[in-house]
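Colleague: Single-letter residue listing:
There are 2 protein chains.
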Amino acid sequence: MNGKYRPLWLNKNGDLEVLDQRYLPHEELTRVLKTGDDATEAISDMTVRGAGVIGNVAAFGVYLLAREFENNKDKIIQESAKIRASRPTAVNLMWAVDRMVEVIKNSNDILKDAKAEAIKICDEDVKRSETIGKIGCDIIEDIMRKKNLKNFNILTHCNAGWLAIIDSGTALAPIYEAKKRGIDIHVWVDETRPRNQGANLTSWELLDAGVNHTIIADNTGGHLMQHEMVDMVITGADRVTRCGDAANKIGTYLKALSAKDNNIPFYIALPLSTFDFESCDGVKEIEIEMRSEDEVHIMRGIDSNGKPQDIRITPKDSKAINYGFDVTPARLITGLITEAGLIEADENEIKKLK
Amino acid sequence: MNGKYRPLWLNKNGDLEVLDQRYLPHEELTRVLKTGDDATEAISDMTVRGAGVIGNVAAFGVYLLAREFENNKDKIIQESAKIRASRPTAVNLMWAVDRMVEVIKNSNDILKDAKAEAIKICDEDVKRSETIGKIGCDIIEDIMRKKNLKNFNILTHCNAGWLAIIDSGTALAPIYEAKKRGIDIHVWVDETRPRNQGANLTSWELLDAGVNHTIIADNTGGHLMQHEMVDMVITGADRVTRCGDAANKIGTYLKALSAKDNNIPFYIALPLSTFDFESCDGVKEIEIEMRSEDEVHIMRGIDSNGKPQDIRITPKDSKAINYGFDVTPARLITGLITEAGLIEADENEIKKLK
Numbered sequence: 349m350n351g352k353y354r355p356l357w358l359n360k361n362g363d364l365e366v367l368d369q370r371y372l373p374h375e376e377l378t379r380v381l382k383t384g385d386d387a388t389e390a391i392s393d394m395t396v397r398g399a400g401v402i403g404n405v406a407a408f409g410v411y412l413l414a415r416e417f418e419n420n421k422d423k424i425i426q427e428s429a430k431i432r433a434s435r436p437t438a439v440n441l442m443w444a445v446d447r448m449v450e451v452i453k454n455s456n457d458i459l460k461d462a463k464a465e466a467i468k469i470c471d472e473d474v475k476r477s478e479t480i481g482k483i484g485c486d487i488i489e490d491i492m493r494k495k496n497l498k499n500f501n502i503l504t505h506c507n508a509g510w511l512a513i514i515d516s517g518t519a520l521a522p523i524y525e526a527k528k529r530g531i532d533i534h535v536w537v538d539e540t541r542p543r544n545q546g547a548n549l550t551s552w553e554l555l556d557a558g559v560n561h562t563i564i565a566d567n568t569g570g571h572l573m574q575h576e577m578v579d580m581v582i583t584g585a586d587r588v589t590r591c592g593d594a595a596n597k598i599g600t601y602l603k604a605l606s607a608k609d610n611n612i613p614f615y616i617a618l619p620l621s622t623f624d625f626e627s628c629d630g631v632k633e634i635e636i637e638m639r640s641e642d643e644v645h646i647m648r649g650i651d652s653n654g655k656p657q658d659i660r661i662t663p664k665d666s667k668a669i670n671y672g673f674d675v676t677p678a679r680l681i682t683g684l685i686t687e688a689g690l691i692e693a694d695e696n697e698i699k700k701l702k
Numbered sequence: 349m350n351g352k353y354r355p356l357w358l359n360k361n362g363d364l365e366v367l368d369q370r371y372l373p374h375e376e377l378t379r380v381l382k383t384g385d386d387a388t389e390a391i392s393d394m395t396v397r398g399a400g401v402i403g404n405v406a407a408f409g410v411y412l413l414a415r416e417f418e419n420n421k422d423k424i425i426q427e428s429a430k431i432r433a434s435r436p437t438a439v440n441l442m443w444a445v446d447r448m449v450e451v452i453k454n455s456n457d458i459l460k461d462a463k464a465e466a467i468k469i470c471d472e473d474v475k476r477s478e479t480i481g482k483i484g485c486d487i488i489e490d491i492m493r494k495k496n497l498k499n500f501n502i503l504t505h506c507n508a509g510w511l512a513i514i515d516s517g518t519a520l521a522p523i524y525e526a527k528k529r530g531i532d533i534h535v536w537v538d539e540t541r542p543r544n545q546g547a548n549l550t551s552w553e554l555l556d557a558g559v560n561h562t563i564i565a566d567n568t569g570g571h572l573m574q575h576e577m578v579d580m581v582i583t584g585a586d587r588v589t590r591c592g593d594a595a596n597k598i599g600t601y602l603k604a605l606s607a608k609d610n611n612i613p614f615y616i617a618l619p620l621s622t623f624d625f626e627s628c629d630g631v632k633e634i635e636i637e638m639r640s641e642d643e644v645h646i647m648r649g650i651d652s653n654g655k656p657q658d659i660r661i662t663p664k665d666s667k668a669i670n671y672g673f674d675v676t677p678a679r680l681i682t683g684l685i686t687e688a689g690l691i692e693a694d695e696n697e698i699k700k701l702k
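Chain order of the listed sequences is H and U.
Position 308 of the first sequence, counted from 1, bears residue number 656 in this note's numbering, the numbering being contiguous throughout.
Position 291 of the second sequence, counted from 1, bears residue number 639 in this note's numbering, the numbering being contiguous throughout.
To be clear, the hints were calculated from the coordinates, so they are not data collected in a lab.
Copies of the same chain look alike in the list, so a pair counts if it fits in one copy or across any two.
Pairs of lysine-lysine, DSSO-like flavour, derived with a Cα cap of 30 angstroms: (1) 632 with 495; (2) 655 with 667; (3) 632 with 608; (4) 667 with 482.
Nothing here was measured: the structure is a model prediction, and the numbers come from that model.
Bound conformation, chain H alone (with noise of 0.2 angstroms):
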């Protein structure tokens, strides 16, 4: 999507290196990945972070373990099940550490194999974001032409582009789409407290694809939802459960309230990867990651030299609590956007995915 960057490839040297999201949008960092724990590391400080990319640099962390470890299938196997469990949130992540190691443990060339099976992974994930993008691009026309409407709001939580998912994202996908159609488009983007991936991550994309924005505070959805200036709302998802409940960045849940209160569409753009099986009650099944209070705590952004600093903003003996995602249930959900179609978030229409 971008001019510059993948948010990951393999340099000159073989390494994996990544575009540091920790530091956008203020400084554009790259971090080199040498070897498995380095990719576990990578993950679990959110170096990088969406769902998508989180697969696919745990994907990229067997292989480099396959590359530490070439001829000792138990030990690669073994050392996987710690990129695995880097957070617990995000079911691509198992479902791309799994998919390697099944590849592994069949494999006769384990160094060549692993590398094929990490850039499939990649490789399809373009396919899909681009199918999700043309899907709920769809949907928006489809939207427009019933509502009449000369342009069209959109509100996004968090970041679901292409820093989150190769090579358009999921929830940003339809609109990059749009945009390519000439589709009047604007987007609420929701700050996304306490790691503003949102403010920084999600307007850095949009600037740099000129897509019309504006932040607003996670506060505000409501009041723009109940004087009708959000047109549909649409967020990417770490976990969809067989029942459709949908695990995101905390603070979805809000919005898909919100959204039901005011009859406004809120969609949920996933790539197949993103369902859990296993699950249906996503609230008291889906294991919600807690993280560091210094997330809320200490603030980042550039001072008036146009310096990197962390600031901090709330009293030094003040406790903070720090969930990482939230649930929307089901029955808040207009519907799923995947690369199979649009689905109802129904249980009898996820199980046929299966």
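Using the hints, position chain U against chain H.
Modeller: Below, chain U alone, put in the same frame as chain H:
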């Protein structure tokens, strides 16, 4: 409530001195207001904020005008319109200025009467706040009895403590009363972007009062409510219509939706002076203040050397939009806690208060 300050007082020179709430919790600074224009500025730049304290500073602002233009009633009344227009949403502001103007119109000793009336408005707030605290705490005890709770988790948004209404606030008054009664209470403090009144002011107040609390991103409340970690939501209000719709800090509506969805009681605590009997449909009729987009872009905190710093957290070319309030419809409100008792958010009940 607090050991050190009220949010405003007449200092030894007879000027109005206020705690400058823009710098809390990192710096405890005060600001001296000598003229009506100083009061207008302090309200509009949010040196002081919170419906009650805005009303108090407005009342003393009219007194400062009386000091400036002692024998010119017309000029005082004319200038007081500037104070009245310093912010659009909190109705206490208009109420307090109108009351001061009425006193001045009928006064033969303007300076003395204006001072006495401003002090009286403050003294009344102290009593209102105390009564609201007792009534609210009775509700807490009632819920604890019915649900057989040993401890109580309450979620609040923005700041409606003694920094907002002297001497113990509206939404925080029942919490301070609960602490006094020995109830094991814990407060979830919504950060309240973009100005962080929760993370900056409510946390600072609760630390000072020794009340157990945890700061959360505004996105987090829905998840906590889904997991039975919240027993009650309580907020203040800036304006409540005669039909029970409540304008309060942006984001309040999202928490009310989530409370409803999870069968959690959602209360608004307010003095009677916050009712606006002229309006009914809050979403349509209440003017919502739009503030500078810089409040979204720029964050204040302290750097690693303890020095206060402003940093920009968004890309420099991205726009933002900043609505100060949203409206929670009456249907989502369990009850209104006022100094006249607990009242249903219903036109027939509210009309009786007029």
